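**Q** Please model the complete structure; the sequences and the hints are all you need to start from.
Protein chains: 2
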Amino acid sequence: MGGEESLAMTGGDGQYSYARNSNPQKEAADRAKAMLIGAVSENLDIVHGSPTSNTFGIADLGCSVGPNTFIAMNNIIEAVEHKYQAQGHLEFQVFFNDRVSNDFNTLFINLPPNRKYFAAAVPGSFYGRLFPKASLNFIFSSFALQWLSKLPQVVCDLNSPSCNKGRILYANAPKEVGEAYSAQYAEDMEKFLGARAQELVSGGLMALLIPGRVNGTLPAQSSLGPRFQPLESCLVDMTNEGLLSKDKLDSFNLPIYSPSSEELEKLIEKTGCFDIARVEEMHRNNIPLLTMQEFRAGLEGIIKTHFGSEILDELFDRYSKKIAGRPPLNTCGGIGIALFVLLKRKH
Amino acid sequence: MGGEESLAMTGGDGQYSYARNSNPQKEAADRAKAMLIGAVSENLDIVHGSPTSNTFGIADLGCSVGPNTFIAMNNIIEAVEHKYQAQGHLEFQVFFNDRVSNDFNTLFINLPPNRKYFAAAVPGSFYGRLFPKASLNFIFSSFALQWLSKLPQVVCDLNSPSCNKGRILYANAPKEVGEAYSAQYAEDMEKFLGARAQELVSGGLMALLIPGRVNGTLPAQSSLGPRFQPLESCLVDMTNEGLLSKDKLDSFNLPIYSPSSEELEKLIEKTGCFDIARVEEMHRNNIPLLTMQEFRAGLEGIIKTHFGSEILDELFDRYSKKIAGRPPLNTCGGIGIALFVLLKRKH
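Going down the list, the protein sequences come from chains A and B.
If you read the first sequence in this note's numbering, its first letter stands for residue 839, the second for the next number, and so on.
If you read the second sequence in this note's numbering, its first letter stands for residue 839, the second for the next number, and so on.
Note that these hints are calculated values from the structure, not bench results.
Given the structure is predicted, the values throughout are model-derived calculations rather than measurements.
Mixed in with the good hints there might be a few duds.
Taking lysine to aspartate or glutamate and the EDC-like style, the derived pairs with C-alpha atoms no more than 16 Å apart in a straight line are [to be verified]:
#1 B:971 with A:929
#2 B:988 with B:1025
#3 B:1142 with B:1155
#4 B:1003 with B:1088
#5 A:954 with A:916
#6 A:971 with B:929
**A** Here it is in structure tokens:
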């Protein structure tokens, strides 16, 4: 796992934990619920690997510690039960996956007591195999696939012409930077889709919620840009004031990428293993900027690893002041697009 | 789970952690390796639930945090692979089970990097269902089934004639105390075996390592007695010196039980779901008394819950002095018997 380990969400249930600061993710998940139910109802055929097995396996990839994952798993199970009312003897097994450094102890303590499934946790990167062949009926992943397996090397290399100096993401960067991110994303998705193709049963479904950008835009116009701009601005300020070294800033980048739906569909078609049952863009207006607490929950680990923990309080204090009074973001600028993608494993 | 939660082994990898203090368990597991290999070789028929599934599911119930569980899982997989060399396409999935309060984060961090299996963790008491029907091919449990799901009520009730006053276990206690423990054990094993019978495929194996006592002896002659006698003696000393209240001591008991093989076989036959493929008594001489560190790893949680954390350092310091210079225990007194039991799920 190595460098990936700094990417897990902040554990526990303290002030800055993911458990207490994942409202934007929850809102999007709520809005996806209707789509999820429709998806199951229209597309799911329960293909039993065996006439004697009545296990329905579900995985949530990049689940963090809850509560969002519990809500999503419940939605999926309700949808499956609704479609297969007659088959009252189905047993559900849910596999909660996240990186090894995720706080699974907290996840386990928070498991809903009256859940209708057998719970299991699977640690490891979803860019490799996590499950036996054809062992899952449904794969779900919500706002986790924006995390790349690693940064494209060149954007952090101070001696490369593609070094992404003075920025922390490819938004508003020269074309080469966006291309390096795109190439890393393509490589990662090939691994992701290849692994999932093996793990899903024939006819099994995979539902993905992904932050995306509008078709026809370049990566540099990424919808993620405005969300991370205030953080970038704080880091630049601190560098200008001599609190951080210029090299440290220049070599820091976020391993995050948001594709357009066309870009993603091409990558899916390339694998040849999935039918694309549905791709939808979810627009939204008046998205509040991420609060300081929400930012800490998602980014504390990666910032600490690069800059050291001593800058954290100062940085997030500045962040908090920087966003104070700013208006919410709007989708008319290509911001805040989420992609809902439903794939079906070919027979 | 409730009261059971205090029973998990001490987590992390600090001085008193189970990870660093589980040598006696490891020695016994090493000695069981040969038996395990023989057991698989003579008794395992791979009954695929489905012609398309090549997953071989293994569970370790009461796994703690490693490293012993990793060694045991490796032994089982080697034995299965050895028997089924021709079927090189088997994929193994290992489910590590322990109570919700077990330190699964530590378990995950310590997973062997070159393991030949997909790893998953399943939290919860093994006295209830943990897995879907017929989803496992092999169930293993090593030195975990001595933990009862709860204490028999009467032995802690200061007003009951069966109250186990002045002792912390049924060893050397009046007959009624041993009977109350036996009855609780029978109730627990009925639940354990009933759940496992559903989870194992037909023809699947279950290998159990259990601390036992010699056939024909009463519970009061339990082989566990001498192991816990020094701890009991320290608690009695502290009560006599006024450091603990007499009621606290009188109402404290360990939820631990060791059956004879005859007793266990009767309980297994009663369920009607398993063929007993093998029962062996493993004797051993010169068993070192548990060290202070080993004791803390196993019992710190339960002692803290009953007496409060403030007594821990004093108690274990006394324990350390109490056992200093004592000779190791010998099996000729019925001490240190371990039972190796191999069951096969009936078709």
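**Q** Look at each hint and say if it fits the structure.
**A** Each hint tested on the structure:
no. : hint               : in the structure
1   : B:971 with A:929   : 8 Å, holds
2   : B:988 with B:1025  : 11 Å, holds
3   : B:1142 with B:1155 : 15 Å, holds
4   : B:1003 with B:1088 : 4 Å, holds
5   : A:954 with A:916   : 10 Å, holds
6   : A:971 with B:929   : 8 Å, holds
The earlier numbered hints are all upheld by this structure, with none contradicted.
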